[in-house]
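Okay, here's what each chain looks like letter by letter:
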Amino acid sequence: DAGITQSPRHKVTETGTPVTLRCHQTENHRYMYWYRQDPGHGLRLIHYSYGVKDTDKGEVSDGYSVSRSKTEDFLLTLESATSSQTSVYFCAINTGAKQYEQYFGPGTRLTVT
Amino acid sequence: ILNVEQSPQSLHVQEGDSTNFTCSFPSSNFYALHWYRWETAKSPEALFVMTLNGDEKKKGRISATLNTKEGYSYLYIKGSQPEDSATYLCAFIGVGGSTLGRLYFGRGTQLTVWP
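Protein sequence lines correspond, in order, to chains A and B. Residue numbers are given in the working numbering: position 103 of the first sequence equals residue 105, and the series is strictly consecutive. Residue numbers are given in the working numbering: position 38 of the second sequence equals residue 53, and the series is strictly consecutive.
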């Protein structure tokens, strides 16, 4: 157990509203990641962070922003949610050991109506 | 964006069959190759982390091999059981700067084992 929690676990929101998902870790690891899961696409990286205030875009970053003001929290924001952002979102961390083996949170199911 | 390909996309086998899947990745700037097992309604969990050409890893009935020179890895399941049903993901990590630590996932192979 890598001590990763995600909140909320489920959310239904309307198109055009802002949404923030939170990933929290208890062990102060440097690297944190946000992925989305979609049928036929596996896991796709949205954004990742390699330290406080150090973030970079993944392959599907359009429409998403992130912030990391402290080591333990990595926030993913949908500025104006769209139906195409309906998905399951996974946060992950790696410890820097084991060649960056990743540990995943439980996931957040987001539905945009 | 790096290209990581997995085949087949899905596989249906009978209990007791042995099976294997392929992961193809860039053969240059290799750092590590991961395999993850992802059961429905759960989170992915690491199976193997492989770094050296010729690496072979084994966990119970599941094993994996790595060829970094030609850019592929095989995952084998011997005597498949219904509890092996899951999506198997591979992920490539390349060497270099701020991208170190970033995984490039394939789309996965979805395995269904029928009793």
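The hints are simulated quantities; they were obtained by calculation from the structure and are not laboratory data. Any given hint might turn out to be false.
Each computed DSSO-like pair below joins lysine-lysine, with the alpha-carbon atoms no more than 30 Å apart [to be verified]:
hint, chain 1, residue 1, chain 2, residue 2
1, B, LYS57, B, LYS74
2, B, LYS72, A, LYS13
3, A, LYS59, A, LYS100
4, A, LYS13, A, LYS72
5, A, LYS59, B, LYS57
6, B, LYS57, B, LYS73
7, B, LYS73, A, LYS55
8, B, LYS93, A, LYS100
9, B, LYS84, B, LYS72
10, B, LYS84, B, LYS57
11, B, LYS84, A, LYS100
12, A, LYS100, B, LYS74
13, A, LYS13, A, LYS59
14, B, LYS73, B, LYS93
15, A, LYS55, A, LYS100
16, A, LYS13, B, LYS74
17, B, LYS57, A, LYS72
18, B, LYS84, B, LYS73
19, A, LYS55, A, LYS13
20, A, LYS72, A, LYS100
21, A, LYS59, B, LYS73
22, B, LYS93, B, LYS74
Consistency of the hints with the structure:
{"no.": "1", "hint": "B:LYS57 to B:LYS74", "in the structure": "holds (20 Å)"}
{"no.": "2", "hint": "B:LYS72 to A:LYS13", "in the structure": "violated (40 Å)"}
{"no.": "3", "hint": "A:LYS59 to A:LYS100", "in the structure": "holds (24 Å)"}
{"no.": "4", "hint": "A:LYS13 to A:LYS72", "in the structure": "holds (24 Å)"}
{"no.": "5", "hint": "A:LYS59 to B:LYS57", "in the structure": "holds (25 Å)"}
{"no.": "6", "hint": "B:LYS57 to B:LYS73", "in the structure": "holds (23 Å)"}
{"no.": "7", "hint": "B:LYS73 to A:LYS55", "in the structure": "violated (39 Å)"}
{"no.": "8", "hint": "B:LYS93 to A:LYS100", "in the structure": "holds (26 Å)"}
{"no.": "9", "hint": "B:LYS84 to B:LYS72", "in the structure": "holds (18 Å)"}
{"no.": "10", "hint": "B:LYS84 to B:LYS57", "in the structure": "violated (34 Å)"}
{"no.": "11", "hint": "B:LYS84 to A:LYS100", "in the structure": "holds (21 Å)"}
{"no.": "12", "hint": "A:LYS100 to B:LYS74", "in the structure": "holds (16 Å)"}
{"no.": "13", "hint": "A:LYS13 to A:LYS59", "in the structure": "holds (24 Å)"}
{"no.": "14", "hint": "B:LYS73 to B:LYS93", "in the structure": "holds (11 Å)"}
{"no.": "15", "hint": "A:LYS55 to A:LYS100", "in the structure": "holds (24 Å)"}
{"no.": "16", "hint": "A:LYS13 to B:LYS74", "in the structure": "violated (37 Å)"}
{"no.": "17", "hint": "B:LYS57 to A:LYS72", "in the structure": "holds (27 Å)"}
{"no.": "18", "hint": "B:LYS84 to B:LYS73", "in the structure": "holds (21 Å)"}
{"no.": "19", "hint": "A:LYS55 to A:LYS13", "in the structure": "holds (26 Å)"}
{"no.": "20", "hint": "A:LYS72 to A:LYS100", "in the structure": "holds (24 Å)"}
{"no.": "21", "hint": "A:LYS59 to B:LYS73", "in the structure": "violated (34 Å)"}
{"no.": "22", "hint": "B:LYS93 to B:LYS74", "in the structure": "holds (11 Å)"}
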